[in-house]
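Two chains, each in its own frame: build the complex with the hints.
If you want the building blocks of each chain, they are given just below.
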Amino acid sequence: MLKQIEGSQAVAETIGLCRPEVICAYPITPQTHIVEGLGTLVRKGIITNCEYINVESEFAALSVAIGASAGGARSYTATASQGLLFMAEAVYNASGLGLPIVMTIGNRAIGAPINIWNDHSDSMSMRDSGWIQLYAETNQEAMDLHIQAFRIAEEVGCPVMVCMDGFILTHAYERVDVPRQEQVDAFLPPYEPMQVLDPSDPVSIGAMVGPEAFSEVRYLAHYKQMRALERIPEISAEFKERFGRDSGGLVHPYKTEDAETIVVALGSVNGTIKDVIDEMRLDGKKIGSLSICSFRPFPLERLREILSPAKQIIVIEKNIAVGMGGILSANIRMALRGLVQPVTTCIAGLGGRPITKKSLQEMFDKTMRQEVDDINFLDLDWEIIRRELDREKADRRSGPIAENILKDIGKRLEE
Amino acid sequence: MFQIRFHGRGGQGVVTAAEMLSVAAFLEGKYAQAFPSFGSERMGAPVISYCRIDNKEIRLREPIGEPDAVIIQDPTLLNSVDVFSGINENCYLLFNSKQSYKELGIEDFISDFKSQRVGRVPATELALEHVGRPVPNAALLGGLAAITGIIQVDSVVRAVREKFSGKVAEANVVVVNAAFEMTKKLLNSGG
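Just so you know, the sequences run in chain order P and S. Straight run, no breaks: the first sequence in this note's numbering ends on number 415. Straight run, no breaks: the second sequence in this note's numbering ends on number 191.
Isolated chain S, as found in the complex (with noise of 0.2 Å):
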């Protein structure tokens, strides 16, 4: 089993970001789950979303506790929860940004991880540029299929058609690509 946590805030699709990944493992056959952290809904307040992956029906409810991946969708974050929680040194992070983990503070915290399992894209900028709104759920998920592999990036594409329809949907199957290819190239060139 994968599991896959995302830290966001209200208004960013942080539930969707979690819901489009189980449609696109469920469109690659695999058994997936996904649920939010059930706070109360408020845009800019902290939240949390989950998502499990497996090859086999998944039974489990609880909240993931200790994942195999953290996507943090706002880098303020950092200062304010621990998305960092119950995590080890193999486990993959995604963050959204345009800063470098220097400017971000990390340097020396990401330094114990693997380089091939760390990535960062500017997430935000991608989806103004393409869709005209501050929603960086989607192309962190084609970040995510880069360092990861636990997902095909088409098939993230695919589940982008399924959630959303028209313009939207092709603005961010732009915005998923663009981001895949940007993660890989971070990744090639040592991080």
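In isolation and in its complexed conformation, chain P is listed as follows (with noise of 0.2 Å):
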């Protein structure tokens, strides 16, 4: 049925179509209007069967999904920003004990300086934790990418993080078709544990492992993510006969066919990218783009596929490897490895920033013509950072950088 909703209340609404059992939830924004969403739906009896657990932190939140996933239920969380972090040694183990629970990030910053907007710190601080990660490029891909997650995460046998642009998602009013019960339901069979707690049956799970298998141990935790990179697509071409649109699966090619430059990026911002394609399109130029949904595990050859025919990559990317660049970008250099192709890397979006058209076409101009470096920022105001430099060097105790630059902005407003 076609509605017109918040992305939180969309992913809300299919969450409760997937029929979770256990949902535990602490909020934090831009998270927050999901779990609230849940919240009602399970009081007014609309989602059954499922025991909605306040819990007192992140931590919790988590810990509770693991219990309830290894006991035999369904499990469901959502957080963001610090509070994957804060939930972070949870986050392992549930992946570590091959546990299927699925978690929606609200993808936000990472303080200090406290931001509460969207880039991609939390979920990337998390990418090498042993969860399949999935970023959904719009609303309807966030609905369906839920959907699709608790398969691949009770068939794999492993956790699934689907990541959601917050406020940019998150907080969008957008057209979405939310799909039926019965439509669900014969694509996501109930949950059959692999390993399950049970009284009458007791095993352990979670023993100690020392030298002598711990390697073993972790080589089968990539080997299921190698297993999940076959099934995220043949699971994603299922769901397209089912519900008939494309949503999921590794990689959404635009226009690359013939493209000469090849713009990659995760998450929301492919849309202004698309259109940023079009116009640059009708310029003649031969340029294209490509979102990679699965994050983790990493599509390395269909990428390579994709990528290898076109002369220059450009990375857009919302995170920082402070000291070493954008994660994006080595992944994707990773893919190209042995070829000649430059592979620039752009840094955009952090904290909140708009990632506009106009700034996209002028780096994707200067890049066509070599005039960037390895690393780009995407507008970053060069006089702010000179004058805290100067401001530093004149003065060991110059004072907190943050509180500097907010007051060199206001008084460049006042101006």
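If you are wondering where the hints come from, they were derived from the structure by calculation, not from laboratory data. Accuracy of the hints is not assured; some may be wrong.
To be verified - Below, a list of computed lysine-lysine pairs in the BS3-like style, where the Cα atoms sit at most 27 Å apart:
| no. | chain 1 | residue 1 | chain 2 | residue 2 |
| --- | --- | --- | --- | --- |
| 1 | P | Lys274 | P | Lys285 |
| 2 | P | Lys44 | S | Lys167 |
| 3 | S | Lys30 | P | Lys240 |
| 4 | S | Lys30 | P | Lys3 |
| 5 | P | Lys3 | S | Lys163 |
| 6 | P | Lys285 | P | Lys366 |
| 7 | P | Lys274 | P | Lys357 |
| 8 | S | Lys184 | P | Lys255 |
| 9 | P | Lys285 | P | Lys311 |
| 10 | S | Lys163 | S | Lys184 |
| 11 | P | Lys255 | P | Lys311 |
| 12 | P | Lys44 | S | Lys163 |
| 13 | P | Lys358 | S | Lys185 |
| 14 | S | Lys56 | P | Lys358 |
| 15 | P | Lys357 | S | Lys185 |
| 16 | P | Lys274 | S | Lys30 |
| 17 | S | Lys114 | S | Lys185 |
| 18 | P | Lys393 | P | Lys407 |
| 19 | P | Lys274 | S | Lys56 |
| 20 | S | Lys56 | P | Lys3 |
| 21 | P | Lys255 | P | Lys357 |
Structure follows, in structure tokens:
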């Protein structure tokens, strides 16, 4: 059924259709509307046979989900930003134990300085935790990915994070097609655990493992994700058959067939990128884009296949690996190992800075003219940075950086 | 694509206004996208929200820098926020005010715009009278329907009934229709 609703509400309704049995939640902006929505759906009896557990922290939220999942219940939670950091130990435990929990990340920056707005620092910090990570481009895809996530998680025996851009998607009203319960039921069978804690047939889960077997357990975690690499596109294809739309899978190429330049990105910014591509195509520029849906497992071979015919690659990424550059571009370089195409990193949209068509087009044009560095920062305010660096040079106690910069910006607005 | 930017203050239903407008457009079979400016939410603080309406899927995610219409829910913002940022002489402007443009100090400014594209409506007073709360958003959507025609007033009414229920919904429906008629009348009288 077509609806015009908020992204968070759309996700809450979809999670309901997936028949979760335990939902553990601790609210944090910008994830709050999702768990509030779910709370309402459980309270009103729209989601049945489900226990909604309010917990005292994010660490508790995921810990309860781990217990519930090990007890054989389909379990769900959601978080963002510092909340994800606070549950970090449990994040590794969930994947290490192979429990098929699904968790939404309402992507948000990490402090200090504190910032409630969108970038990918939070989910990126957990990229190697052993969870599958899927990134949504639109609210429709965010919904569809959750349905697929439970399938993938339960088939492979691995937890899945569905990452959706905080505010940009979570708080946006747009048209979505909410599936019918029968459709979801036909696609997503009841949870049949691979391992279960059952008092009548006791086992222990999470034994201590020494050097004699730890590598093998870790290798099997990697092997699971390699299996997921095959299952993710198959499950996406089956989803398309049943629901009639392309959602999920490994990657979404856009006008890449004859493209000399390909722009790679994760999440909602791909929409804006596509609009820029269309305009540049009208000017005869051979440019295309590639939205990566499955970041973990990372589809190295599929990316190599699509990207290797291009002359250059631009990676737009909403994160910074401080002291190194960009995380996504480093991964893309791995996909293109042994090849000579330049991979340009463009760090953009940190802490919610708008990524505009105008700035993207300038960046793409400059890259095509080879007037860029290896690592670039979209719309960086160099004047403000110079002022702060001068201040630090002049005075050892020049004051806290964030506050200094805010004062400078305030002064400039007054002028 | 038609792009609308709402300026108001926390507590005035600025975000809800954009959301209701997107629902109204959706009810007409159009694509619409509404989103807030993502500020920290505090009563009285300046708030911006956006709505895009199109006949095809909207992929663009940037804030609206060059709007086709601007709605100013609180004219005291004129002194503190650049509500006219990025507009041109074809832009539609709608003010929540019972004061004249002269009293608002914008008589000269609006003379550069097409008179049929500038409107004002005493939205707060209408809301107080019918809803009992100073929330001007519904009235301004009625006014927007009158000056732009981008949305039918009936669709706004249906959106109001989706967002609210019972007495609150019906009071807001009265407000929407009254604001629509008042704005039409104002335009017919030459602004």
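Verification of the supplied hints:
no.	hint	verdict
1	P/Lys274 x P/Lys285	holds, 13 Å
2	P/Lys44 x S/Lys167	holds, 22 Å
3	S/Lys30 x P/Lys240	holds, 24 Å
4	S/Lys30 x P/Lys3	holds, 12 Å
5	P/Lys3 x S/Lys163	holds, 13 Å
6	P/Lys285 x P/Lys366	holds, 13 Å
7	P/Lys274 x P/Lys357	holds, 10 Å
8	S/Lys184 x P/Lys255	violated, 46 Å
9	P/Lys285 x P/Lys311	holds, 13 Å
10	S/Lys163 x S/Lys184	holds, 25 Å
11	P/Lys255 x P/Lys311	holds, 15 Å
12	P/Lys44 x S/Lys163	holds, 18 Å
13	P/Lys358 x S/Lys185	violated, 40 Å
14	S/Lys56 x P/Lys358	holds, 21 Å
15	P/Lys357 x S/Lys185	violated, 39 Å
16	P/Lys274 x S/Lys30	holds, 20 Å
17	S/Lys114 x S/Lys185	holds, 16 Å
18	P/Lys393 x P/Lys407	holds, 18 Å
19	P/Lys274 x S/Lys56	holds, 14 Å
20	S/Lys56 x P/Lys3	holds, 16 Å
21	P/Lys255 x P/Lys357	holds, 18 Å
Checked against the numbered hints above, the structure breaks hints 8, 13, 15 and satisfies the rest.
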